[in-house]
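J.: Hey, can you work out the whole structure from these sequences and the hints?
If you read the protein sequences in the order shown, they are chains X and L.
Going left to right, the first sequence walks through residues 1 to 1047 as this note's numbering numbers them.
Going left to right, the second sequence walks through residues 1048 to 1511 as this note's numbering numbers them.
Since the hints were derived computationally from the structure, they do not count as laboratory data.
Beta carbons are placed, not taken as given, at the ideal position from N, Cα and C, and that holds for glycine.
Treat the hints with care, as some may be off.
Here chain L is said to cover these stretches of chain X; the calculated rule only asks that three of the stretch's residues, wherever they fall, bring their Cβ under 8 Å from a Cβ of chain L [what the hints assert, rightly or not]:
#1 882–893
#2 982–996
List of simulated lysine-lysine pairs, DSS-like, C-alpha gap at most 30 Å [unchecked claim]:
#3 K1090(L) - K1405(L)
#4 K69(X) - K1093(L)
#5 K77(X) - K1399(L)
#6 K1489(L) - K974(X)
#7 K1405(L) - K157(X)
#8 K1016(X) - K974(X)
#9 K1288(L) - K1439(L)
#10 K974(X) - K1495(L)
#11 K1479(L) - K1016(X)
#12 K1479(L) - K974(X)
#13 K77(X) - K1345(L)
#14 K1492(L) - K974(X)
#15 K191(X) - K526(X)
#16 K1077(L) - K1363(L)
#17 K77(X) - K1288(L)
#18 K1320(L) - K77(X)
#19 K1256(L) - K69(X)
#20 K1360(L) - K77(X)
#21 K1281(L) - K77(X)
#22 K1288(L) - K69(X)
#23 K69(X) - K1405(L)
#24 K974(X) - K1439(L)
#25 K77(X) - K1396(L)
#26 K767(X) - K266(X)
#27 K974(X) - K1471(L)
#28 K1396(L) - K69(X)
#29 K1399(L) - K1345(L)
#30 K1399(L) - K69(X)
#31 K69(X) - K1090(L)
#32 K1471(L) - K1495(L)
#33 K77(X) - K1363(L)
#34 K77(X) - K1439(L)
#35 K644(X) - K701(X)
#36 K1281(L) - K69(X)
#37 K1321(L) - K77(X)
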Amino acid sequence: MHHDNGIWVSTEDLNREQSFLQSAEKEFSVENMTETDGQWAASRRDFLKLMGFGLGAATLAASCEIPVKRAIPFVTKPDAIVPGVANYFASSFVNGGDYCSVLVKTREGRPIKIEGNSLSSVTSGGTSARAQALVLSLYDTRRISSAGTVENGSVKKLSWSDLDNKVKGQLQLGGNIRIISNTNISPTAKKALAEFTAKYPNTRVVTYDPVSSAALLAANEACFGVRGIPSYKFGAADVVLSFGADFLGTWISPVEFARDYASKRKIKSVNNASMSRHYQVESHVSLTGSNADTRVQIKPSEMGAAICALYNEVAALTGGAGIGGPALNDKAKASLKKAASDLVAARGKSLVVCGSNNVMEQMIVNKINDLLGNINSTIDFSVLNNLRQGDERDMARLIGEMNAGQVALAIVWGANPAYELPNADQFKAAFAKVNTRISFSGVMDETTALCSHAAPAHHQLESWGDAEPKTGHYSLIQPTIAPLFDTRQAEHSLLEWAESANLNRQDDQPYYQYLKSHWATDLKAKQSKYSTGAAFWDMSLHDGVFEAAPAPRAVSFNSGAALNASGVSQPGSGAVEISFYETVNIGNGQYAHNPWLQEMPDPVNRTVWGNYLSIPVEWDGNTKMNGWMGLNDGDNVEVEVGGKKLTCTVVRTFGQTPGTVAIALGGGRETGGCGVGYGVNVNPWLPMDGGMIQYFAKDAKVSEKVGVDKHFACVQHHHTMGLAAKDEKSGNTINADEQVLAYQGSLTDRSVIFQANLKELPKLAEKLAEFHHEADHLNQQTLYPDQADYFGTGVKWGMYIDLNSCIGCGACQVACVSENNVPVVGKNEVARHHEMTWLRIDRYFYGDLENPKVVYQPMMCQHCDNAPCENVCPVNATNHSMEGINQMAYNRCIGTRYCANNCPYKVRRFNWLDYTTADIWPANEERLFRVDGDDIPFYADNLVRMVLNPDVTVRSRGVIEKCSFCIQRIQEGKLTAKRENRAVLDNDVRSACQTACPTGAIVFGNLNNPESAVVKAAEGVGDLAYQVLEEINVRPGVKYSAKIYNS
Amino acid sequence: MLLTRICRVFSIVLLTSVAAQAAPTIEEGKNLFIANCAACHNKNMKDNLTGPALAGVEERWAAYPRADLYKWIRASQAMVSEGHPRAVELWAKWKPTPMNNFTGLTDEQIESVILYINDVANKKKDDKGPKDDQASTSGGGGNMWLFAGLGLILALLAFALMRIIDNLRNITRVQAGQAPVERTLYQVLTTKGAVAFLVFAATLVFGYKSVDNATAMGRQQNYQPEQPVAFSHKIHAGVNKIDCQYCHDSARRSKHSLIPGTNTCMNCHSAVKKGTISGTAEITKIYASIGFDPITNKYIPDYDSWSDEQIEKLYKQWIGQEYAAANSLPALNDAGRTVVEHQWDGIVKALKNDSNGKIQGPIEWVRIHNLADHAYFNHAQHVSVGQVACQKCHGPVEQMEEVYQYSTLGMGWCINCHRETEVKFNDNDYYKQYARYHEELKSGKREKVTVADIGGLECQKCHY
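T.: Here's what the structure looks like:
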């Protein structure tokens, strides 16, 4: 079956279903508006009461005197702080094995935004959604506010000295001490740990990762004698093959990998275009898989078979011996044969990575890379990646020790085993047998609730610290705000308990001195640029990073490492297999308590607030694509794995291998914040194999539909455009806009996405040239005056988005939310199409129906020069600036929403409720998002409001809002240029989405400057650059590039 | 005859003008008040301070000869001991704080002070600053009469026309053999047309007034709150000619123009320890805020941990010492002790408040210019780039004893300035990119480039 333009967004779109048309029609769903589900029970009486109150309030307000406001200066003003001017501090985002070098933007001493640090060669100024959301977790109302004893899930306050005395008393009893942590990449923390261990020699640190890479570490040790993860050079690889490793989204160091990967995917010119080729072997669609040129669909249990098959093919081509292996489906086999020849052709410049947690599989992959000559080439062991160090087998040993009563004291540091482990139940039972259980966690997570004492650590933005994400890459963490609560650095606590002589307790910040002395002595020795420790420290603190050149290290494959096909996972015989994966936003639940991340749609499924069961869609052989077993989005089913039953909500997913389902980790958190009550905890489903956690199960039972999630929140069909419809009577394809969706304004099969194979690039360029020509011709017939002269003077702002570089990771979306005070509305409101995001990432499919390719298209206000929204505003609240910006004056808006209706791109958002609680009315408050168990709405808490950007108005109820091209940044950049008597340059103004992007897909700048990056980038790809809906003469200010794949 | 009359009139004019020169003036009264009375009596004349509020002082003494009032001001305690009923009454109310003696004041000077008191007490807030565009362009009161007159004439005209129509109609009625109809004024005024017109007019006027008043809501032109420290911009910016941006130093680089921190004050006041007007009364507040010991000229290292008593002791000692020195007293006398107490009270009142429960810490000024939250204003843009003088918006601050809001800070006021102000187009390379304007300027097609021409009236220049 062929779709008219080869692009579709969902099954309903493909099937041209009436229900879909209705759904798409609902730019703002109103289906639940009148329902009285206990939330919305306002009666006429209420209305009259409120009206009476309103009149009264207005009269009162009018007659009252204006309140006296105070202006409070500093007593002694610090030189560095100028009120109204932001300060940036270099720091790092570190959470277990997640790392990103960042700049923290503070205003008047309050961190409000995370930017990438371009001085780091690891992340190169890129960020991830997780890093962007760091600031919100600082202002988490659920943070533990003091040290104390844990009683019934809450902390009973103790002074730090009391706690220290108690803990020291316990430590000195001499029992075994265990410190449970996720990967710790801080050299100075390790030094502190060493001091602690020296003082109490019966201490052992037990490390595991929320999502394990233990097999990779073990395999590398076996194959190369190095228990570590090498540097993967995606930027040097012409052919990349990944066995289920989501290296663009979640695997080890995604920000770094994404940048390198994208550097090989950018089309720099139409002629002589080249790009890498990417194969992905997987069962569910990962973010990485959705970006692949060829997705090889396998069942999760076929991973071993696939790896063996590739090995055999590569060995055959390179003259090695095969190892046999389990049977693999023919389709995958054929694809892997082709992949093998590509890989061999690119010998030494190819790369095979594997996300499996099976040692033998990883060893075979290592051998494949060895056969391909990739070791010491695209796989470099001189710089090791420190981001995954954990081994769950250690945890199993610990559980045994605890059960045997051999552990007297346990310290939990940055880990949440009571939730994250598959055998959490065993852990909980064993943990209870430990006499003293101390947690450093800042929130009351599942493990802290089981502890006897809480010694809450500072939030990262309040802490000193360092990180060594890769060998020789050192990165500092510095506080950007004084601690908000009575917390203490974890390292400080350890040193205190170890009675360290190196901790200067008299100092205001003892750990700062400790850290500084470590850097100024130990790390200083690794460089020669600065002769004094103080100078070295100052410079490192300023830059945030210090990079020492690593000594080259070549490794060779250990001939003694025996490869054995029987050690790989064997295909299962169950009817349904299930795979488990980590999402970009939630991880394995570590980020579940961050509302920004919860409300960021999962890039692939486009669902929010929870984890959903992905099921395949099936071609009925005739006209329709159906959900597996006739299931629909939002249906609830009962799933049973290993005898444990859970009720999951279904979401149909293109590309999900038939006979398999998948569900993300990280749902169903039980304590600690806003993530409680969303999704299900599937960790108990994860099987163990050889002591290692397996992220799939062979035999899952999925029931028939047992119910419906009334608030199923998937944004895929919200704010859609470019859709066709099928006329019910005639059966013809029709323009949805004209026939059905006059309200929605969708357009049939218009120029939203263009795609082509690399081989056919010249053909596409030709087609697009023709299209541009035609659009231009159409647009000549215009009633609009020619504005070239008007916009040609001064600055004209514009944007270019390279869809080839965009991997859909969502960092831009969270950055936009953070920069522009975009409110979190909560799951129920999202279900009603009320999400407020100014920037959405549309997901389009193309290619094979059962295994399609994906284009991600960041879509925000296009700032049309002939903006349709402007013409229909009755009060001129939205209008155009001579700099090409479609302006929105909130105070003028009266909320007719005509503009939203008339917007062809569906990018305008309406404040249905008082989301930011600018002025609360009780009837509105009901539906506002609040953290489970809170009395007041989320934004009503002053702590949360500290995250607001003071340069951007907080919108009130009843007004439209949308992307402003970060007008506050434009104003700031222009002012800088004016004050320096010069033209405005590219670096003066960078939009929030642009700075967040790890792959440089978004370029913003002055279209009137022929030298600006935005002009150069669009010119570089020539005719491949297009405007969405170019032919309708709205003249958008944003250009996209066609999506090119290479298969 | 005529000549004598002219002479007489001339001499009267001459005499009155001479007399006016010798008579007490408000201006003199103000200076005298600040120099002598302001330490104890509230400048707003309405509230009590150490001494009673002075508004209505003439009325309160009206039952006694004017000389009694003079005497009371010059030596109050003497009158109390003489048993003057008003004096005794006052003493009973205000003891134990006696009023200082001001034996040097002449009758004329006292009259000047009374004139000043009455002036302040009776003064309604003048409109000092510029108005919004519509108000400043209209002629105000003069036009009002014009309109009223025109209205009256039109009403008479309408009435006359109505009579003519009635008469004409009656003529036709009579010609047709019908009886003429005489309408009363009441009947005329209650015709459909008249009622509709009145309703229409009322709606129009009501609507106009509503909008007009609504726009003015929240505006605070001429707002002049009392500040915790009687800081005189006149002394600092006017007399001593300190540059505005010496203290408000972030105006050139930030959107805010920053109230200076206490440490900025200390740059000068570690040396200048007594004020021209208020002596130690105000400057000691700075010391108490930051913890500076004016006796030893040193900052107090652990000032934050000092108790109120410690602070009180130090600064009372300082004030007393200075009082004694100024009055060449060997030791502090009663009057001196009163001054010390009074000034100490002032310090506590200025520095200790609900949000900061102790004396140490910042001086909490009352914010005068409150721009609405949804309006973005950047000082740096105007001060550094536009090179707009501070006075353009803030008025003659260098002449203000106490600052008030000079401008409306309304949108019309902003827009008007953006329309009129010429951009420093040729001095700044930023504006080179406006090639078309440069060409037009060169060819003479365009005379100037205003802020509006480069987008200064666009919504998102100020609202986002």
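J.: Look at each hint and say if it fits the structure.
T.: Status of the hints after comparison with the structure:
With 9 residues having a Cβ less than 8 Å from any Cβ of chain L, the stretch 882–893 of chain X passes the three-residue criterion, so the hint holds. Under the rule that three or more residues need a Cβ within less than 8 Å of chain L, the assignment of the stretch 982–996 of chain X holds, with 3 such residues. A hinted pair counts as satisfied when its Cα atoms are at most 30 Å apart, and K1090(L) with K1405(L) qualifies at roughly 26 Å. Under the criterion of a C-alpha separation no larger than 30 Å, the hint pairing K69(X) with K1093(L) is consistent with the structure, at around 22 Å.
For the given pair, K77(X) sits about 20 Å from K1399(L) by alpha-carbon distance, which is consistent with the 30 Å threshold. A C-alpha spacing of about 25 Å is found between K1489(L) and K974(X), which places the hinted pair at or below 30 Å, so the restraint holds. A hinted pair counts as satisfied when its Cα atoms are at most 30 Å apart, and K1405(L) with K157(X) qualifies at roughly 28 Å. Taking the CA atoms of K1016(X) and K974(X), the gap is near 21 Å; set against the 30 Å cutoff, the hint holds.
Restraint check for K1288(L) and K1439(L): satisfied, since their Cα atoms lie roughly 17 Å apart, inside the 30 Å limit. Among the hinted pairs, K974(X) with K1495(L) is consistent with the structure: their alpha-carbon atoms are about 21 Å apart, no more than 30 Å. A distance of roughly 21 Å separates the Cα atoms of K1479(L) and K1016(X); the hinted pair therefore holds under the 30 Å criterion. In summary, the hint linking K1479(L) to K974(X) is supported, as the alpha carbons are separated by about 13 Å, within the 30 Å threshold.
Note on K77(X) and K1345(L): the hinted pairing holds, with a Cα-Cα distance of about 19 Å set against a maximum of 30 Å. Of the pairs offered as hints, the one joining K1492(L) and K974(X) holds, with about 27 Å between alpha carbons and a cut-off of 30 Å not exceeded. With a C-alpha separation of about 17 Å, the suggested pair K191(X) and K526(X) falls inside the 30 Å cut-off, and the hint holds. At roughly 29 Å between alpha-carbon atoms, K1077(L) and K1363(L) fall within 30 Å of each other, so this suggested pair holds.
Between K77(X) and K1288(L), the direct Cα distance comes to roughly 23 Å. Compliance with the 30 Å bound is thereby established for this hinted pair. A threshold of 30 Å between alpha carbons decides the hint, and for K1320(L) with K77(X) the separation of about 21 Å falls inside it, so the pair holds. In summary, the hint linking K1256(L) to K69(X) is supported, as the alpha carbons are separated by about 28 Å, within the 30 Å threshold. A C-alpha spacing of about 27 Å is found between K1360(L) and K77(X), which places the hinted pair at or below 30 Å, so the restraint holds.
Between the alpha carbons of K1281(L) and K77(X) the distance comes to roughly 25 Å, so the proposed pair stays at or under 30 Å and holds. Restraint check for K1288(L) and K69(X): satisfied, since their Cα atoms lie roughly 29 Å apart, inside the 30 Å limit. At most 30 Å may separate the alpha-carbon atoms for a hinted pair to count; K69(X) and K1405(L) meet this at roughly 20 Å. Distance check on the hinted pair: K974(X) and K1439(L) sit about 23 Å apart at the alpha-carbon level, within 30 Å; holds.
This hinted pair checks out: K77(X) and K1396(L) have alpha carbons roughly 23 Å apart, not beyond 30 Å. At roughly 20 Å between alpha-carbon atoms, K767(X) and K266(X) fall within 30 Å of each other, so this suggested pair holds. Note on K974(X) and K1471(L): the hinted pairing holds, with a Cα-Cα distance of about 15 Å set against a maximum of 30 Å. Distance check on the hinted pair: K1396(L) and K69(X) sit about 17 Å apart at the alpha-carbon level, within 30 Å; holds.
Proximity of K1399(L) to K1345(L) is assessed by CA-CA distance (about 23 Å); at most 30 Å being required, the pair is judged to hold. Between K1399(L) and K69(X) the alpha-carbon distance is near 16 Å, which keeps this suggested pair within the 30 Å criterion. Taken as a hint, the K69(X) and K1090(L) pair is honoured in the structure, with Cα atoms around 22 Å apart against an allowance of 30 Å. Restraint check: the Cα-Cα separation between K1471(L) and K1495(L) comes to about 10 Å, which is no more than 30 Å; the hinted pair holds.
About 27 Å separates the Cα atoms of K77(X) and K1363(L), which keeps this hinted pair within 30 Å; it holds. A distance of roughly 28 Å separates the Cα atoms of K77(X) and K1439(L); the hinted pair therefore holds under the 30 Å criterion. Proximity of K644(X) to K701(X) is assessed by CA-CA distance (about 10 Å); at most 30 Å being required, the pair is judged to hold. Under the criterion of a C-alpha separation no larger than 30 Å, the hint pairing K1281(L) with K69(X) is consistent with the structure, at around 24 Å.
Simply put, K1321(L) and K77(X) have alpha-carbon atoms about 24 Å apart, close enough for the 30 Å limit, and the pair holds.
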